[in-house]
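Chemist: What follows is each chain in one-letter form.
Number of protein chains: 2
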Amino acid sequence: MKNKKEINAGIIIIGNEVLSGRTKDINTSTLSLWLNSLGVQVKEVRIIPDIEKDIIETINTFKNKFSYVFTTGGIGPTHDDITAESVSKAFNIEYGYHKEALSILEKYYNPSEFSEGRKKMAMMPMTAKLILNPTSGAPGFYVENVFSLPGVPSILKSMLGGLDHLITGGAPILSHTINLRTVESEIAKSLTQVQNNNQDVEIGSYPFFRAGKLGVSIVVRSSDKAKIDTCNNEILKFVAEQKIQIVNEV
Amino acid sequence: MKNKKEINAGIIIIGNEVLSGRTKDINTSTLSLWLNSLGVQVKEVRIIPDIEKDIIETINTFKNKFSYVFTTGGIGPTHDDITAESVSKAFNIEYGYHKEALSILEKYYNPSEFSEGRKKMAMMPMTAKLILNPTSGAPGFYVENVFSLPGVPSILKSMLGGLDHLITGGAPILSHTINLRTVESEIAKSLTQVQNNNQDVEIGSYPFFRAGKLGVSIVVRSSDKAKIDTCNNEILKFVAEQKIQIVNEV
Numbered sequence: 014m015k016n017k018k019e020i021n022a023g024i025i026i027i028g029n030e031v032l033s034g035r036t037k038d039i040n041t042s043t044l045s046l047w048l049n050s051l052g053v054q055v056k057e058v059r060i061i062p063d064i065e066k067d068i069i070e071t072i073n074t075f076k077n078k079f080s081y082v083f084t085t086g087g088i089g090p091t092h093d094d095i096t097a098e099s100v101s102k103a104f105n106i107e108y109g110y111h112k113e114a115l116s117i118l119e120k121y122y123n124p125s126e127f128s129e130g131r132k133k134m135a136m137m138p139m140t141a142k143l144i145l146n147p148t149s150g151a152p153g154f155y156v157e158n159v160f161s162l163p164g165v166p167s168i169l170k171s172m173l174g175g176l177d178h179l180i181t182g183g184a185p186i187l188s189h190t191i192n193l194r195t196v197e198s199e200i201a202k203s204l205t206q207v208q209n210n211n212q213d214v215e216i217g218s219y220p221f222f223r224a225g226k227l228g229v230s231i232v233v234r235s236s237d238k239a240k241i242d243t244c245n246n247e248i249l250k251f252v253a254e255q256k257i258q259i260v261n262e263v
Numbered sequence: 014m015k016n017k018k019e020i021n022a023g024i025i026i027i028g029n030e031v032l033s034g035r036t037k038d039i040n041t042s043t044l045s046l047w048l049n050s051l052g053v054q055v056k057e058v059r060i061i062p063d064i065e066k067d068i069i070e071t072i073n074t075f076k077n078k079f080s081y082v083f084t085t086g087g088i089g090p091t092h093d094d095i096t097a098e099s100v101s102k103a104f105n106i107e108y109g110y111h112k113e114a115l116s117i118l119e120k121y122y123n124p125s126e127f128s129e130g131r132k133k134m135a136m137m138p139m140t141a142k143l144i145l146n147p148t149s150g151a152p153g154f155y156v157e158n159v160f161s162l163p164g165v166p167s168i169l170k171s172m173l174g175g176l177d178h179l180i181t182g183g184a185p186i187l188s189h190t191i192n193l194r195t196v197e198s199e200i201a202k203s204l205t206q207v208q209n210n211n212q213d214v215e216i217g218s219y220p221f222f223r224a225g226k227l228g229v230s231i232v233v234r235s236s237d238k239a240k241i242d243t244c245n246n247e248i249l250k251f252v253a254e255q256k257i258q259i260v261n262e263v
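Respectively, the protein sequence lines represent chains A and B.
The numbering used here numbers the first residue of the first sequence as 14 and each following residue consecutively.
The numbering used here numbers the first residue of the second sequence as 14 and each following residue consecutively.
Only chain A is shown next, with the shape it has when bound in the complex:
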C-alpha cells in the first residue's frame, strides 16, 4: 500500500478505557490534523485492547501497510502498560532498560523519587530512538516507521513539535469548507455532479445542528489549491441557482 505519490499513516489507539466507552478518544483528531499539515493522510485507525497478541499483530499489519504508524497509550509505569514490550516483540528487538531514557529519567526525578515504577518507563526496545517529552519527562520512542506516544492527550500533543523533522510528507492536504443552510437531500444530486466533474478531489458532505438550526458542511480536500478552487466555484454555482443560503466559508 506504500506508494511514492501518497504518504500515509495508520494510528493504533491502545486502551481498554477507550473500548469501554469511559474515555473518548481525542488523540486521533490531534494526530490527524498534525499529520495533514505535514502532507500525510491518515488512512486507518484501530482501537484495540491492552492485549499483547492484539498489539503485536496490529503493529505488524500497519508497519507494512502505511508509511508511518503511531501508537498511543500503554507506555506508563503500571501493569496495564504493555506497549513498549509489545513493540519489542513485533520488531524482535531486546526489551530492557534504554540507556538514554534511563539517563533522562534519572535527571528528571530526585534520587529518592526514582522508584521501580518510574524506572519501568525506561524499559523499551533497547535500540529504539527516543521522542522527547517536554511535559512529564518520560520519553516516547520509535523503531523504523512506528512511533509510540503516551495516551494522555496533553502530553501527546506536547511531544509532536519534536517529531516534525522526522516526518517527510507529500504536499500538505488543503481543505475548504462551505457551510450551507440546507439539508443533504436538497443538494445530493448537484453535489454528485460536482464530484463526477472533479474525481480527484475529495468532497465530503456533513449535516450539522448548530444553535438549533440544520445545515450541511461541504468539505473539499486536495493537495492542489487550483483543483479546490474549481470545485468550490461549481458548488457555489449550484448554491446560487438553488437560492441556498451560505452560512459561511472557512
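Bear in mind the hints are in silico, worked out from the structure with no lab data behind them.
The model shown is predicted, which means the values in this text are computed figures rather than measured ones.
It is possible that some hints are incorrect.
Derived pair list, reagent style DSSO-like, types lysine-lysine, alpha-carbon separation capped at 30 Å [unchecked claim]:
(1) A/120 / B/226
(2) A/66 / A/202
(3) A/202 / B/120
(4) B/37 / A/170
(5) A/78 / A/238
Here's a subset of chain A near chain B, in silico, CB distances under 8 Å, partners left out [claimed, not checked]:
(6) 39
(7) 57
(8) 131
Taking CB as the label site, the calculated pair distances span [unchecked claim]:
(9) A/185 / B/112: 44 to 54 Å
(10) A/148 / B/251: 24 to 34 Å
(11) B/109 / A/224: 31 to 41 Å
(12) A/73 / B/171: 38 to 48 Å
(13) B/73 / A/157: 25 to 35 Å
(14) B/202 / A/227: 53 to 63 Å
(15) A/179 / B/142: 44 to 54 Å
Glycine included, each C-beta is placed from N, C-alpha and C at the ideal position.
Got chain A sorted already, so can you dock chain B onto it with the hints?
Modeler: Below, chain B alone, put in the same frame as chain A:
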C-alpha cells in the same frame, strides 16, 4: 473468536471526516457504554475511509470475528454515503429500494419534498431488517449480526432504544472507579500485586489532571460484583498503608 461465555462486538466508524481530524468520534463511546449495559464487550474499533473495498473487507472480517458488528456513518443521501451498498455487496444481497423503508419515508415527507436524494435513503440490502429512527425518519438497517447506523451522534443515540431487544448479551459488565491523589509510579508495584491476585478482573490505571491537580483513576471491571469487591478491598488496603488520599469512589 465467538464463544458462548463472552458476547462481544466490533465497531466500524466509516468516514473521511474522522480520519482527517475534522470530526472527533463520539459514537464509539455512546455505543460502548450502551453495549456494556447489555453485557456486550467492545473488542475492537476501526475507523476507515469512505472507500467501498475497505468497507466490504472490514465488514467481512468483523462479522465472523465478533458476536455483533455496528457500522456508523455513510447512510445519508449524498454521493459519499456508500455504506448501504457496501453492506449489500459484503452479504451478496441485492441493493435496491427497500419497500418498508420507502413507505416510512413517503409518510415522513410531503410528496413535493420527496426528492431523489431522500429516496436514496430507502436504498439498502433489499432483505435487510429496519432500525427505526425516531429523530429524522430515515431508518438504519441490519443484516444478520451487522447493524448499520447513521454517523450523526444525536440521531444514532436516539435509535439505540429500539435496538435493545435485538441484543442478547452476557452478564452486564460492572465497573468501580477509585480516584486517588497520587501518580501512577507510586502505586504501580502494589497495583501489579493486586492484578496478580485477581487475574480475571480487569484493572486499569489512568492518570488525570483535573482542576490543576494530578491524580490516578483506578478502574476495576468484571461481570462479577463479588470479585470487584475483593479487588477493591485489596486496593483500599495498600492505599491506606501508603497514606494515599482518596479523592472519591464512583
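Chemist: Next, verify each hint and record whether it holds.
Modeler: Structure-based check of each hint:
Proximity of residue 120 of chain A to residue 226 of chain B is assessed by CA-CA distance (about 23 Å); at most 30 Å being required, the pair is judged to hold. The straight-line distance between the Cα atoms of residue 66 of chain A and residue 202 of chain A is roughly 47 Å, outside the 30 Å bound, and the hint therefore fails. For a cut-off of 30 Å, the pair hint linking residue 202 of chain A to residue 120 of chain B stands: about 22 Å separates their Cα positions. With a CA separation close to 15 Å, the supplied pair residue 37 of chain B and residue 170 of chain A stays within the 30 Å bound.
About 28 Å separates the Cα atoms of residue 78 of chain A and residue 238 of chain A, which keeps this hinted pair within 30 Å; it holds. With a cut of 8 Å, the hint placing residue 39 of chain A at the interface with chain B holds, because the nearest CB-to-CB distance is about 6 Å. The criterion of a C-beta within 8 Å of any C-beta in chain B is met by residue 57 of chain A, whose closest approach is roughly 6 Å, and the hint holds. For the restraint placing residue 131 of chain A at the interface with chain B, the shortest Cβ-Cβ distance is roughly 4 Å, inside the 8 Å limit, so the hint holds.
For residue 185 of chain A and residue 112 of chain B, the hinted distance range of 44 to 54 Å is satisfied, since their beta carbons lie about 48 Å from each other. For residue 148 of chain A and residue 251 of chain B, the Cβ-Cβ distance of about 28 Å falls inside the hinted range of 24 to 34 Å, so the restraint holds. For residue 109 of chain B paired with residue 224 of chain A, a C-beta distance near 38 Å keeps the hint of 31 to 41 Å intact. Taking the beta carbon of each, residue 73 of chain A and residue 171 of chain B are about 40 Å apart, inside 38 to 48 Å as hinted.
At roughly 30 Å, the beta carbons of residue 73 of chain B and residue 157 of chain A sit within the given window of 25 to 35 Å. Here the CB-CB span from residue 202 of chain B to residue 227 of chain A is close to 55 Å, well matched to the stated 53 to 63 Å. About 49 Å separates the C-beta atoms of residue 179 of chain A and residue 142 of chain B, a value consistent with the hinted range of 44 to 54 Å.
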